[in-house]
Each structure stands twice: as C-alpha cells, then as structure tokens.
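Novice: So the chains spell out like this:
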Amino acid sequence: MNTSLNQAVLSVEHLKIELRHGTQPLVHDLSFEVKPGEFLAVVGESGSGKTMAARAILQLLPPGITQTGGRILFDGENLSTRDVKAMRPIRGPGIGMVFQEPMVSLNPVHRIGEQMAEGLRMHTKLSAAEIRARILDMLRRVQIADPERCMHAYPHEFSGGMRQRIMLASVMLLKPRLLIADEPTTALDTLSQREVLDLMVGLARDNGTAVLLITHNLGLVGRYAQRAIVLEKGQLVETGNVPAILVEPKQVYTRKLVDALPRRQPAKAETAAQQQPLVQVRGLCVSYAGARAGFFRRHPPVRVIDTLDLDIHPGEMVALVGGSGSGKTTLGRAILRLAPSQSGQILFRGEDVRTADRAALHRFRLACQLVFQDPFSSLDPRMCVHDIVAEPLRHLPSLDAAARLRRVQETLDEVGLDGLGARYPHELSGGQRQRVAIARALVRRPAFVVADEPVSALDMTIQAQVLRLFQSLQAHHGFACLFISHDLAAVDQIADRVIVMERGRIVEQGTRDVVFDTPQHAYTRALLEATPRPLAVSAAYA
Amino acid sequence: MPLYLLRRIAMTIPTLLLVSIAVFTLMRLIPGDPVLLMLGEGADPAQLELMRHQMGLDQPLVTQYFVWLRHALAGDLGVSTTNGLAVLPLIWERFHVSAAIVLTAVALASLIAVPAGLIAAWRKDRPTDLAIIGAATLMLSVPSFWLGLLLLMFFGQFLGWLPVVGYVPMSENFSQGVLYVILPIVTLVLVETGVLTRMSRASTIEILRLEYVAHARAKGVPESQVLRRHVLPNAFNPTLTMIGLILGHLLSGIAVLETVFTLPGLGRLMIDSIFARDYPVLQGCLLFTACIYVVINLIVDMCYPLFDPRVSVQ
Amino acid sequence: MHVPVPPPRHTTARSRRLLQATAWALGLAAGTAFSQTGGTGTGQTLRIQINSDIRSTDPGGNRDDNTDNVLLHVGEGLVALREDTSIGPMLASKVDTSADGLTYTFTLRDGVKFQNGATLVADDVVWSWQRYLRPASNWRCLPEFDGKGMTKVLSVEAPNPKTVVFKLERASALFLTMMARPDCGSAAILHRSSVGPDGQWKEPVGTGPYKFKEWKRGQYVELTRFDGYTSRAEPRDGLTGGKKAEVENLRFVVIPDSAAAKAALYSGGLDAFISPSPADVVEMRKRSDVVVDNTPVMSMIALLLQTNDPVLKDVRVRRALALALDTPEIASTVTEGLSVVNNSVVPSSSPYYDAVQATGFKRDLTAAKKLLAEAGYRGQPIRMIANKRYESLYSSAVLVQAMASEAGINIELEVLDWATQLDRYTKGQYQSMAFIYSARIDPSLNYEMVSGDKATQPRKAWDSPYAQARLTESMVSRDKARRQVLFDEMHKQMLQDVPMIVLFNASDATAMRKSVTGFKGWAPAKPRFWNVRLDASP
Amino acid sequence: MKKLKTHTLIGGVLIGTLLILAVVAAVWTPYSPLGIDLRSKLQAPSMAHWLGTDEFGRDVASRAMQGASTSCLIALLTVALATAMGLVVGVVAGFMRGWTDRVLMAFNDTLLAFPGLLLALGVMVIVGANQWGIVLALSLAYAPSVVRVVRGTVLSLREREYVEASRMIGNSEIYTMWRHILPNCVAPIAVLATSMFGWVLLSESALSFLGLGVPPPAPTWGNMLASARPYMASAVWLCLVPGLCIALTLLGINLLGESLRDRLDPRTERA
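In order, the protein sequence lines correspond to chains A, B, C and D. The working numbering puts the first residue of the first sequence at 1, with every later residue one more than the last. The working numbering puts the first residue of the second sequence at 1, with every later residue one more than the last. The working numbering puts the first residue of the third sequence at 1, with every later residue one more than the last. The working numbering puts the first residue of the fourth sequence at 1, with every later residue one more than the last.
These are computed hints drawn from the structure, not numbers from a lab. Virtual Cβ for every residue (Gly too), placed ideally from N, Cα, C. Do not rely on the hints blindly, as some may be mistaken.
[Unchecked claim] Here are the computed lysine-lysine pairs in the DSSO-like style, where the Cα-Cα straight-line distance is at most 27 Å:
no.: 1; chain 1: D; residue 1: K41; chain 2: C; residue 2: K388
no.: 2; chain 1: C; residue 1: K370; chain 2: C; residue 2: K313
no.: 3; chain 1: D; residue 1: K5; chain 2: B; residue 2: K124
no.: 4; chain 1: B; residue 1: K124; chain 2: A; residue 2: K175
no.: 5; chain 1: C; residue 1: K362; chain 2: D; residue 2: K41
no.: 6; chain 1: B; residue 1: K124; chain 2: A; residue 2: K16
no.: 7; chain 1: D; residue 1: K41; chain 2: C; residue 2: K286
no.: 8; chain 1: C; residue 1: K213; chain 2: C; residue 2: K243
[Unchecked claim] Just a sample of chain B residues kept apart from chain D, beta carbon distances all over 12 Å, derived:
no.: 9; residue: L3
no.: 10; residue: L57
no.: 11; residue: Y65
no.: 12; residue: L85
no.: 13; residue: F145
Can you make the complete structure from the sequences, with help from the hints?
Specialist: Written out as structure tokens, the structure reads:
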C-alpha cells in the first residue's frame with residue numbers, strides 16, 4: 001500500500017445507507033476522511049446514523065439495512081465492492097472495532113485467552129507460544145491485574161470496565177491501521193470511562209493507529225479528539241478542529257449541542273439553611289445477606305450503607321454523587337422505605353418513618369415521590385399517559401373528578417406534554433417518557449422527591465431540557481429533592497449542595513461551589529478529574 | 001458437586017412421596033374392584049372375600065400404603081394382580097422397549113433439528129428459513145398416532161416391507177427386532193424434529209442479536225466458524241432444556257404410539273394396569289416415571305455448566 | 001414378553017429379499033424358519049396360544065380360564081362334564097346315590113395309572129379330597145362344599161381300595177355338577193407325590209392323557225404325552241369318554257396381543273389361536289390356510305333393566321322396549337352371523353333348551369308405542385351403560401339405542417371402562433346396561449345368577465318370589481322332567497316381567513392351521529387337544 | 001414482514017373453515033351423525049355419502065362436522081379453564097414469594113409429574129364420562145404449564161420499575177397486582193393459549209384412542225380415528241378423514257400462533 005504521510009487512511013465519499021423498504025435514508029451523502037494516526041470524533045444524537053456509518057465501513061450492517069451509494073476507500077482501495085471473503089484480510093489487521101455493551105461483547109462460553117488468540121491465529125503465522133506471549137504482554141499493557149489467571153477465566157468473572165479493556169486489548173493485538181470505537185464507554189461510570197479512554201488513546205499512539213470515536217458526549221470530544229464531524233438525521237452538519245468547533249460552532253445544530261452542555265448557574269441565596277430540615281437521616285445502616293455457601297451456612301452479610309447521617313431542607317436540591325457500587329441508589333431507596341434498612345432513623349418532618357406502621361408509612365408515601373432512571377421500564381406499557389399521571393390522585397379523596405382532570409391537565413402542560421394524554425408509552429420518545437414520569441411524581445405536589453439518575457439515559461440536548469424543566473418545577477413548587485447521579489457535569493448545573501459517597505460512607509459534603517472548586521477528599525478529586533468539562537478546556541484555549 | 005447433587009435429590013423426595021400418595025388414593029377412589037375383575041362376575045361373595053384377604057386389600061387404606069412403602073423402599077414393588085409377575089422386573093423390561101425408541105428418536109431429532117434451526121435463524125426471512133419453518137410447522141401439526149397409522153398402512157399393509165403388528169425384542173433376535181422398531185422411531189423423529197427446530201431457531205435468533213457475534217465477525221473470523229464456535233454453543237443451552245423436558249415426558253411411555261404399533265412399552269403397561277385396576281403395577285409405574293422425570297432433570301442440570309460456564313453449580 | 005413370531009411370509013418375494021439383504025448387510029443373522037418333521041405324532045409339538053400366562057400348576061388353586069384350559073389335560077376327577085354339559089363318570093366306573101341324596105358311593109375303574117406309574121386306589125381319592133377340603137389349600141370351590149354354599153361334605157371314606165363314600169349334610173342335585181366344574185379343576189384326583197414332604201405344592205401328578213413337562217414363566221407351558229394312560233372305552237364325550245394323545249407335545253404359548261397372535265397363526269408360527277374376535281373370524285374364513293371351528297357357548301349377552309328405577313319400574317315401559325327391539329337382527333349383526341338369537345336365560349346349547357325356551361320377543365313398534373302411551377312415558381332419558389372392552393356389548397348397545405329411538409324411547413349411552421361397569425353392576429347402580437354373564441353349566445345356576453332378592457343382593461336383575469320358589473326347587477330335585485317344567489315356567493314368567501332382555505349366547509371360535517385335524521369346540525368353551533392330529537404338510 | 005402475512009393468511013383460512021364447519025354442524029348436517037343404517041355399512045365416499053360411511057353405516061361427513069364442534073368446544077373450554085386456573089395460581093405464586101410460592105410450586109410440580117391418563121380416568125369417572133369430565137381432566141393436566149409461564153412472567157414483571165412506582169404511589173399489593181401485573185401477562189398467555197388449543201385437541205384424540213375420551217357414540221375426531229383402526233385395511237377413508245381434520249386444524253393454529261407470537265414480541269412493542 002503506497003501510504004504517503006498525508007494520504008488518508010480512510011476516506012468515505014457520498015455514503016448512502018437505507019432500510020430495505022424504508023422511505024427516508026438512514027445516512028445520506030456523507031463524506032469524511034481520517035488521516036493516519038489522527039483521532040476523529042463522530043458526534044450526533046441517537047438516530048443520527050453515526051453507528052450505521054461506522055458499521056458500513058466493515059460491512060457489519062444488521063440484516064434489512066444496506067449501503068446503497070457512495071465509496072469507502074481504505075488505504076486507497078474501495079471496500080464497498082468487496083465480498084465477505086475479500087473483506088477478511090481487512091477485518092482485524094486492517095480495521096479493528098470496539099463495541100458499546102461490555103456485558104455481551106465477549107463470548108460467555110469461551111475463555112478470554114481463546115477469544116484473544118482467535119484473531120492472531122486467523123491472521124498471522126505465529127506459533128502458540130508467541131501468541132501467548134503477545135497476549136500476556138497486551139494484557140499487562142491494559143493494566144489487567146493478573147494476566148495469567150485472566151487468560152483462563154471466563155468473561156462473566158470481570159466488571160464492565162475490565163471487559164472493555166480486554167476487548168480493547170484483543171483488537172489492538174492485531175495492530176490495526178484504523179480503530180473504530182462505537183460509544184465504547186457509555187455504559188461505564190466516570191472513573192472507568194476515563195481509564196478505558198486514556199488506554200485507548202495510548203495504545204493508538206504507540207501503534208500509530210487512526211481512531212474513529214463515535215459518541216454523543218461532547219465532553220469526550222473536547223478531551224480526546226483532534227477533529228470532529230457533527231451528524232444530524234443522517235446528514236453531515238459540520239466538520240472542524242476540536243477546540244474551534246466547540247468555542248464557535250458555525251452551524252445552528254452544533255451550537256444547540258454545545259449549549260446543551262451543563263453550565264454552572266449562580267448559587268441560590270442561603271435562605272434554606274436555618275429552617276428545620278425536612279428529612280433527617282441518623283446512623284442509617286443497610287446490609288444485604290451474603291451469598292449461600294453450603295447447606296445452611298451463608299457468607300457474612302455485606303454492609304452497603306454504613307451508619308450514615310444526612311439532612312435535606314425544604315426546597316433544597318441536594319446532589320448525591322459517587323461511582324457505581326458506592327450505595328447511592330440504595331440510600332435513595334432506603335429513605336423512601338422501598339429497600340429494607342437494618343438500623344438508624346429516618347425522620348420526615350420530625351417523625352421517624354423507618355419503623356412506622358402502615359398508616360404512618362402511607363402518609364409518608366403521599367408526601368414524597370421517586371423518579372426512575374430508565375424511561376422504558378418506569379411506565380406501564382398498557383396504560384395511556386393520562387391514566388399514568390392520574391393514578392397517584394386515587395389517594396387524594398379531597399379532589400373530585402373534575403378537580404382531578406384539571407390537576408392532570410395542569411401538570412401535563414407544566415412538563416410540556418399537553419395534548420399527548422391519549423398516547424401510549426411506546427409511542428413516545430425517551431425524553432417525553434421521562435417528562436411523563438416527572439409529571440406522575442409531581443401531580444400530587446409532594447414535599448420531597450428522590451430523582452435516581454433521571455437524565456443519564458437521555459441524549460445530551462434532551463438531557464439539558466429535562467434538567468432545566470426539573471429546576472424550574474422545583475423553583476415553582478418548592479419541593480426538596482435528592483438528585484442521585486454519577487454525572488458530575490449535570491450536578492454542577494443543578495445542585496445547591498453536593499454529597500460525595502464512597503463504599504457506603506459520605507466522604508465529603510458542602511455547597512456546590514465549595515466542593516467543586518476546592519475538593520478536599522482524594523476520591524472527590526479523582527471524580528472531578530475524570531469528568532470531562534470542555535468549557536473549562538475551551539476557556540483555556542480561547 | 002456431590003453436595004449439590006444431594007440437595008437436588010433431597011428436594012425431589014417430597015414430590016415423589018406426594019405423587020405416590022396422590023396415586024394411591026386416586027386409585028382407590030376410582031370405582032372398580034381388582035378382585036371382582038379377576039374372578040369375574042360369576043364368583044360369589046365368599047370367594048371374593050377370600051381373594052381380597054389374600055391380597056391384603058381388606059386392610060385399612062393407610063396400613064396398605066405403609067406396607068407398600070416399606071416394601072418399595074426395600075426395592076420390592078410387589079406382585080402384579082393380573083399375571084403374578086414381580087412388578088419391578090416387569091417395568092424394567094417394558095421400559096427397555098419405550099426407552100430404545102424414545103432415546104434413538106430424540107437423538108436423531110436433535111441431530112436434525114439443531115443445525116436446521118441454526119441455518120433457519122442465520123438465513124432469517126429468506127427462502128431457506130421459510131422452507132425450514134414451513135416444514136417444521138407441518139411436522140408439528142400432524143398428530144403422532146395418525147402419522148403412525150398412515151406409515152403402518154403404507155409400509156406395512158400396502159408395501160408389506162415391515163410387519164404390521166407384533167413385537168420381537170431386539171435382545172432376542174436383532175434382525176427381526178429392528179423391523180418392528182423402525183416405524184415408531186420414524187414417527188417420533190418427525191414429530192419431535194418439528195418441535196426442536198422451532199425451539200433452536202428461536203434461541204439462535206436471540207443469540208445472533210448479541211454483539212459478540214458482530215465482534216467475532218469484526219475480527220475477521222469466517223462466517224462458518226462464527227456459527228460453529230460462537231453461535232452454536234450459546235444457542236444449544238435452551239434447546240438442551242427442551243430436549244430434557246421432551247425426554248422426561250416421552251420416557252413415561254408413549255402410550256398412544258405403543259397402542260398404534262402394538263409395542264409392549266411402559267405406556268401400554270400403565271394403561272392396561274389402569275383398566276385392570278392392577279394397583280401394584282400402577283403404583284410401580286408411576287413411581288418409576290416420577291424417578292425418570294427427576295433423573296432426566298438432574299442430568300440436564302448437570303450438563304448445563306458444560307455448555308455455559310456462567311451457570312456455576314450452586 | 002417373548003413372542004417368537006417370524007415376519008409374515010406373505011410379503012412379496014422381491015421386497016422380502018431386499019429386506020433380507022439389508023438385514024444381512026448389517027451382519028444380522030436371518031430369521032430361522034420353523035420346520036416341522038412329520039411322523040406319527042412322535043416329536044411333534046402342537047403350539048397353542050393363551051392370552052396370559054397360567055397362574056399356578058395346582059388345579060382348583062390360584063387359577064384363571066387359561067390355567068384351567070391347560071391343567072384339564074393333566075388332571076381328571078371322579079366325574080366330568082359330557083358333551084351336552086350333563087355329568088358322566090370319569091375315574092369312577094359307576095356312581096350310586098342313596099334315596100335321601102345324602103350318601104354318594106363311587107366305584108373306581110380298574111387299572112387306572114398315575115403319571116408317575118402308581119395305580120389309582122381309593123386312598124388317593126380320600127387324600128386328594130382331604131387336601132381340597134383343607135382351607136389352607138385355597139380351593140376356589142371350597143365354599144360350595146363346606147356348608148356356606150350348596151352343601152357340606154361330612155366325610156370322605158374308602159371302605160375298600162375300589163370304592164369311595166361321600167356323606168353330605170344336605171341333599172343337592174348339583175353335588176356332582178359342582179364336583180365336575182372345570183373352574184374347580186374338576187376336583188382332579190392327584191397322587192401324593194404332587195406335594196413335597198412339607199406339604200408345599202410341587203407339580204401336578206394326575207391321571208390325564210398328558211403329563212406336565214416344563215413351565216417357562218411368561219413364555220410357555222409344555223405338556224408331553226403320558227404313555228401309560230388308560231383311556232375309557234367309549235368315544236370322546238366332553239371332558240370324559242375316550243382320550244388319545246395324538247400329538248406328543250402340547251406347548252401353550254403366551255401371546256397377550258390378539259393382533260400378534262393372528263399374525264403368528266397366518267405365518268405358521270402358531271397352530272391354534274383360541275379366542276379370535278368376530279371381525280377376525282370373518283377375515284379368517286376367507287383364508288385357505290386357516291380353519292375356524294365355531295360353536296355357541298353358554299356365556300350370555302343381555303340388557304339388564306333396573307326394575308327399581310322410577311322410569312323402568314313400570315313393566316309396560318320395559319315390555320315396550322322389548323317390543324321395540326329386533327333381537328334376531330341385533331344377534332346376527334353383532335356376531336357377524338356366528339350366533340343365533342336366544343331370549344332365554346337357558347343357553348341354546350343346554351340339554352334343557354326346548355321349544356318353550358326358544359319362544360321370545362317379536363318386534364312390534366305400534367304395540368310398543370301404545371304401551372308407552374299407556375305408561376305415560378314422555379321421552380325421559382334412559383341411561384344405558386356399555387363398554388368398549390367387549391366389542392359385542394358396545395355394538396349391541398349402539399343398535400339397541402338406534403332401534404329404541406324408532407319407537408320413541410330416548411336411550412343415552414354411557415360408555416364406561418369394564419371395571420367401573422362391573423362395580424355399578426354389583427351395586428345395582430344403573431338404569432340399564434348391556435352386560436355379559438360368564439358361562440354356567442346348569443340352567444338353575446343361570447337362573448340363580450340373575451334372580452334373587454334385590455335388597456340383600458343388589459346385583460340380581462330379577463326379584464320375583466314366583467321365580468325364587470321355582471329356582472330353589474330346581475336346585476334340589478334330581479328329576480330331569482320336573483326341572484324342565486320349572487325352567488319353562490320361569491322363562492314364560494320372565495317374558496312377562498321383562499326384568500332383562502336376553503339377546504344371544506356368545507359363540508366361541510378357535511382358529512387353527514389347516515394341518516390341525518380332529519379338534520371340536522363345545523358349549524363350556526374349554527378347548528380339548530386330545531384326539532387332535534397334526535398332519536405333516538405345514 | 002412477508003413471512004408474517006403468509007402465515008396469518010393460511011392460518012386464518014384453515015381456522016375460518018373450521019369455525020364455519022363447527023357453527024353449521026350445530027344447526028345442520030347432511031345426515032344425522034348418530035343415524036345407523038346397517039345396510040350401507042363401510043361404503044366408500046360417494047355422491048350420497050361425501051366421505052363414505054363407518055362400521056355402523058353412519059355418515060362420516062356429518063360425524064366429522066359434528067366432531068368439529070365437539071372437539072373445538074372441548075378445546076376452547078379447556079383452554080379457558082386451564083388459563084383461568086393457571087393465571088390465578090401463577091400470579092399469586094409469582095407475587096407472594098416465600099412459603100406460599102414454595103407450597104404452590106410443590107403442588108404444581110406434583111400435578112406435572114402426574115400422568116395425564118390416570119388423572120383423566122379419575123376425574124371422568126368421578127364427574128361422569130362426558131364432555132365436562134374431559135374438560136376438567138384436561139384443564140387440570142394443562143393448568144400447571146400455564147402456572148409456570150404466568151409465574152415466570154410475574155417474576156420478571158416484578159423487577160420492572162413501574163411496579164415499584166405503583167408501590168411508591170401508595171397502591172396496595174393487591175391493587176398493584178391487579179392493575180399493573182395482570183394486564184401485562186396477557187401477551188405471553190395469549191401465545192401459550194393458542195399453542196395449548198392445539199395440544200388439547202391432540203390430547204382429546206389421544207385419550208379417545210386409549211378408550212378414555214368423549215364416550216361414543218357422540219362423534220369427536222379422536223374417537224372416530226380410534227374406532228377406525230380395525231378397518232385400516234378395508235376402509236382407508238375412515239382413518240384419513242378425522243386425522244386430516246385434526247392435522248389441518250393444528251396447522252392453522254400453529255401458523256396463527258406463530259404470527260401472534262411475532263406481533264406480541266416485546267421487542268416489537270418497545271421499538
């Protein structure tokens with residue numbers, strides 16, 4: 001291959017991808033280039049066709065979707081005309097690919113060593129011993145603790161982050177000239193996301209591999225990519241170098257994306273502090289029974305929440321942050337008595353609800369609500385929007401039918417869903433569903449709302465809208481809110497106070513500005529460091 | 001491993017006891033008196049009483065049950081009231097007949113169905129898939145005993161190649177024995193292939209959706225190897241459970257097929273003992289089939305981890 | 001369950017060789033064809049099918065029909081049934097009964113040998129009868145002789161080696177009949193050596209034409225010729241008379257499935273098939289290589305009508321039903337013409353079946369409808385029980401339902417399995433049912449089977465004092481003419497009362513290879529294989 | 001999708017004709033299904049008797065039509081009863097967890113391990129050998145498999161967040177089960193019900209084959225096939241007609257079931 005320095009390793013010309021009998025093409029007239037060793041980001045929201053474009057390069061389009069136009073040149077040769085057998089030398093040594101779902105990206109029934117060796121055995125004439133050495137070397141490179149044991153282990157024995165690293169290692173073993181990474185870290189929490197991406201960039205630089213990063217997270221683009229292209233509904237909107245495209249985006253859509261990045265709001269007045277706290281948690285402990293070992297014995301119970309104290313004042317937005325496994329979700333559920341807790345007190349307006357009887361628990365439930373993370377799973381598919389939002393009113397005998405109807409209509413307008421009362425959940429988008437969930441939570445005007453990762457499953461632009469909606473509703477209704485999230489950027493925009501949790505204990509808490517600007521605890525610093533904040537970067541460039 | 005084995009067996013004992021008690025009482029509830037059946041309506045009451053005493057049927061129900069249980073635990077399932085043969089050897093011999101046919105048929109059906117399902121799923125919604133699914137649905141819809149009758153009429157009566165009736169055990173005379181067993185096996189294979197093909201196709205489609213298949217392809221692994229090394233082992237597990245279920249069900253006697261082909265199988269034995277109110281034989285049959293059910297489920301659970309390391313034996 | 005049945009020979013030769021070749025290709029041995037050596041019966045084996053294995057070798061002990069059929073070739077009693085089911089001497093040369101009917105004196109024949117060579121003496125008879133009368137030996141007919149049933153045997157003595165004297169507590173015309181009953185093992189006289197020193201049963205040593213050879217459990221029972229047999233002078237007459245063991249060995253082969261037995265008979269693997277179904281008989285009649293002997297027997301198919309039932313309580317309704325049925329048509333259709341109609345409880349093959357017994361019902365729809373109107377029958381459903389185990393019962397019920405509906409009688413069929421129907425019969429819990437009675441060798445036993453006090457014996461169909469009086473007298477009097485008058489009166493009364501409608505006596509067929517000659521079926525349906533030859537050509 | 005359309009079409013046509021046959025049979029049949037005519041016994045199909053006559057001279061065509069309505073009635077009733085029983089037990093077992101679940105499941109497994117034959121005979125003899133006996137017996141035999149499916153669905157639905165949301169709203173457990181869990185069990189049960197219809201049809205025929213089914217002379221396809229066995233050689237059509245009816249009905253059911261399963265597939269629901 002005559003690869004002069006500046007000749008593009010990959011150039012896509014007028015690419016067109018369509019559903020077999022769909023009307024609107026998924027990708028229309030897309031052209032871009034990737035220089036050797038360059039790091040190009042492909043940015044777009046879900047449905048923008050970025051994944052389809054990436055998969056078309058390796059002809060891995062799912063059944064029913066075909067490439068109907070354009071050329072894909074790799075080192076100057078057209079790939080789209082090659083049949084499957086001719087694609088074999090390209091797949092692997094030519095172009096490598098890393099996928100999004102760590103849990104199913106490795107074959108559960110084969111040992112790690114076997115799966116990694118498969119590529120090498122296929123494309124090189126190396127002996128078994130050499131292959132083994134190469135694999136061990138690569139595993140050490142991606143910082144896997146005990147490579148020897150890892151080779152004989154099965155995928156299910158590793159966490160999401162570890163599996164993503166193993167997949168990265170097995171792809172980079174073949175030293176591809178181009179690596180396509182399709183949202184490699186979306187499913188991971190901030191810490192492991194940072195580690196995996198740093199490794200990917202390092203490996204690519206060592207090997208001179210060009211990287212095509214497909215993502216919807218502008219933060220990552222700011223930190224890692226040199227150039228970026230923006231896609232909307234299958235069409236190229238804009239291309240440009242990274243700092244420039246973030247600072248002064250030329251196209252309207254790009255600006256919309258950049259505006260959606262969470263920004264710090266000015267802190268609210270300090271009025272809330274001296275009032276009597278709405279919710280007080282004292283010495284709360286929650287533990288799960290250990291796994292069963294043998295006939296009757298069990299492993300010792302695992303302590304998830306370890307003697308924790310917490311105050312939430314009325315109208316205050318308290319953010320609860322921490323990595324996965326820090327126990328933040330369990331705490332939220334324990335406070336609402338959805339999860340059992342072993343000891344301690346939960347005082348709501350001074351009354352302990354942890355050991356309350358049914359009637360007291362019912363009163364407590366009337367006054368507080370929970371918003372879930374997954375919009376698909378939190379709404380009953382068999383009920384229309386109106387019924388979903390109206391259901392909580394069953395427990396308000398004071399309202400007659402007409403008042404109930406008015407209240408539901410009001411709440412739907414507030415969340416911007418007027419006129420959608422008759423729709424069913426599967427007819428709505430992710431964002432709209434989350435608005436229905438919020439409407440359901442607020443229709444009874446609760447005093448205390450726990451929001452468990454309400455926006456992390458949404459696209460950036462929609463995330464911004466829902467966050468702003470949540471803030472305005474809190475300001476309007478004055479409910480206290482416990483906002484649980486691992487996304488520090490969103491917390492930065494919305495929170496009054498921030499509480500950082502690690503393995504069941506609070507390691508740091510304080511107002512948003514104090515915690516974010518002068519983090520005391522090492523874990524908080526690591527979390528902040530791991531959160532890409534492009535604006536700060538762009539500020540440095542400007 | 002043995003601990004898990006013990007626990008699994010311990011869990012089945014209550015079910016077995018429950019089944020034996022249920023059968024014991026239901027048999028006595030059903031009208032019809034074995035002694036009357038044996039001696040015929042001509043026998044006068046005195047003779048009936050004599051025979052009932054000899055068979056211990058005049059004792060209260062509970063004592064009869066415990067007497068039976070004590071003997072059963074010692075491995076003696078009593079003696080048949082109709083032909084005086086010991087029950088366990090009789091069941092064991094009849095079980096050979098059923099098992100030979102069922103095991104061969106299910107094995108053949110799996111050999112055909114699993115690959116067929118794989119190809120159908122791989123070529124989803126293309127002509128080959130429609131053909132395979134069409135054939136499977138057809139096989140599934142034909143009642144097994146009717147199919148048996150048709151085959152019997154065609155090959156037995158019309159062509160005369162295969163014997164229409166009767167049975168020679170293969171142990172006795174292999175060349176004759178095979179002739180009697182061909183048609184039942186063919187019938188069973190056709191029916192079960194339909195069931196298993198649909199099952200294996202459904203589970204393969206599930207697997208093809210997962211990303212490690214795309215990952216393997218992205219590594220340049222040829223399609224045939226992707227199917228063989230990555231898709232088949234994962235698709236085989238749910239099908240294995242289905243095979244276990246089918247085996248458990250069929251081994252308890254394919255009564256209807258045995259009636260069509262006049263095979264002295266376990267199913268036929270159970271029906272005759274129901275009609276003759278032959279309590280010891282029926283009791284023995286039911287306990288035996290319940291045990292088969294348990295053993296098959298155990299074996300399926302045991303070889304589960306062989307195919308899927310995620311399932312650790314806890 | 002081993003059925004030595006080679007594949008049917010009538011398959012086309014070409015396809016046969018194809019099959020043989022494939023079997024051979026698999027290295028499997030070809031089926032060995034059975035070949036029979038000719039000769040004067042020596043070395044010949046007659047293979048006879050029984051549908052289940054015998055239950056024991058002790059005559060009269062743990063037994064069923066098949067066991068009796070085998071053992072009647074080995075053991076003989078003092079008296080035995082004649083061809084017309086009357087009683088004739090067997091081991092006894094003559095029988096003298098005292099005037100009061102309480103003492104029976106049997107004089108034994110000379111020179112009768114046991115199968116172990118010992119000569120028959122009176123002590124052997126006493127020993128055998130003492131063993132029968134001991135409850136421990138579980139003799140099926142013990143209740144008839146220990147006072148519970150017909151009479152009580154006070155003593156059995158041998159004043160001298162040639163004579164045996166029985167003393168009874170009550171006189172009974174049926175004493176000799178009971179003694180000769182095949183299902184009591186004909187009270188066969190056995191030699192002491194049949195039983196071990198500790199009293200445990202070993203094997204039967206009787207005086208019959210065949211002696212016991214081998215019993216392979218679940219497979220076959222083999223008897224072989226007893227050369228020292230001293231036959232009676234007269235020709236064959238039922239279970240008595242002259243007996244000659246023409247074929248050396250009799251092998252009774254266990255083949256439970258009738259279809260398998262039929263196939264074996266066609267292919268020559270079997271010589272005699274005892275109980276083919278009517279449909280089989282029709283099919284076999286068309287074949288040249290099979291002979292079917294068919295004789296009416298004493299078992300009886302009848303429609304029982306529950307006289308206590310609110311609807312059937314009125315005799316006019318019962319009579320209307322009888323008039324609505326064309327019983328001759330039913331008999332010929334159901335048995336494919338093998339049996340003739342018989343509306344009397346007395347079997348058509350019994351010596352007491354005379355012109356009066358032959359009278360019966362004649363179909364008359366208008367009379368039937370008139371009777372129904374008189375009785376105020378408004379089409380209430382009458383449930384009739386039938387079952388599929390005895391094909392003839394089910395077919396009769398279907399025909400009865402169709403014919404009755406023509407007269408406006410609404411019959412609903414309730415098909416149960418045989419065990420349930422038997423249970424409902426013994427408890428009398430039925431409106432009506434198609435039922436089959438097993439054979440009885442004496443008409444008074446037949447009448448005793450159907451008539452009796454319903455309060456104490458719910459299974460009886462006919463509860464009429466008139467009949468009861470005549471029945472008890474017929475059980476005691478030994479005057480043949482008087483008994484005939486009693487039976488005729490009872491039959492005429494039954495035609496009036498219509499407690500049941502007797503349809504026909506079943507017929508018993510025995511199918512044999514063409515090469516089997518000399519066999520003749522008879523009323524009690526007990527196949528006899530002495531005086532039966534097996535010709536050389538298969 | 002192409003496959004879906006062809007399946008629904010063929011299935012619809014087959015089941016359509018079956019239902020029309022069953023409805024017409026209830027009103028009119030060419031001859032009376034029970035009418036005996038001994039003179040025209042075992043006649044081949046002719047103009048007079050479209051599908052010939054059986055061993056009692058009864059018209060096979062009218063018996064097949066009558067058989068259609070009886071067999072389908074039995075199948076429908078059994079499926080309804082078994083689904084109802086299965087639904088109740090399944091939801092309670094799935095939702096209550098703990099001891100109730102373990103006890104219910106123990107009984108359920110016992111019923112599963114119990115041979116259907118003995119159950120059928122026992123129930124039929126106690127209730128009486130008629131259609132209701134068969135329906136009760138078969139629904140007892142099939143209820144356990146419904147219980148398993150329902151319990152499985154309920155266990156998976158319990159984990160869904162809208163169930164937890166309903167609890168958050170303050171609804172009682174029973175209300176949550178009734179309002180949220182039950183409606184969402186409908187889809188899997190509908191799929192199971194269609195295939196069960198086929199199995200029940202098969203079981204009724206099998207029972208008749210063994211002499212346990214709906215008592216003759218009332219015709220069902222099962223007992224027609226059973227009584228045709230001895231005449232296999234002499235009267236072939238006696239075997240073919242009922243068997244073909246059963247096969248075509250099953251084919252229709254399976255095809256409809258297949259298209260139903262695709263339409264109700266949760267994945268399509270979510271997209």
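Novice: Each of the hints needs a verdict: does it hold here or not?
Specialist: A quick look at each hint next to the structure:
1. K41/D to K388/C: OK: K41/D and K388/C at ~20 Å, within 27 Å.
2. K370/C to K313/C: holds (17 Å)
3. K5/D to K124/B: With Cα atoms ~15 Å apart, K5/D and K124/B stay inside 27 Å; holds.
4. K124/B to K175/A: violated (34 Å)
5. K362/C to K41/D: holds (25 Å)
6. K124/B to K16/A: holds (24 Å)
7. K41/D to K286/C: Roughly 19 Å between the alpha carbons, so the hint for K41/D and K286/C holds.
8. K213/C to K243/C: holds (19 Å)
9. L3: It holds; L3/B is separated from chain D by about 21 Å at its closest Cβ, greater than 12 Å.
10. L57: L57/B is indeed farther than 12 Å from all Cβ atoms of chain D, at 19 Å.
11. Y65: At roughly 16 Å from the nearest Cβ of chain D, Y65/B sits farther out than 12 Å, so the non-interface label holds.
12. L85: Nearest chain D Cβ is 21 Å from L85/B, so the label holds.
13. F145: violated (6 Å)
Going down the numbered hints, you'll see the structure goes against 4, 13, while the others check out.
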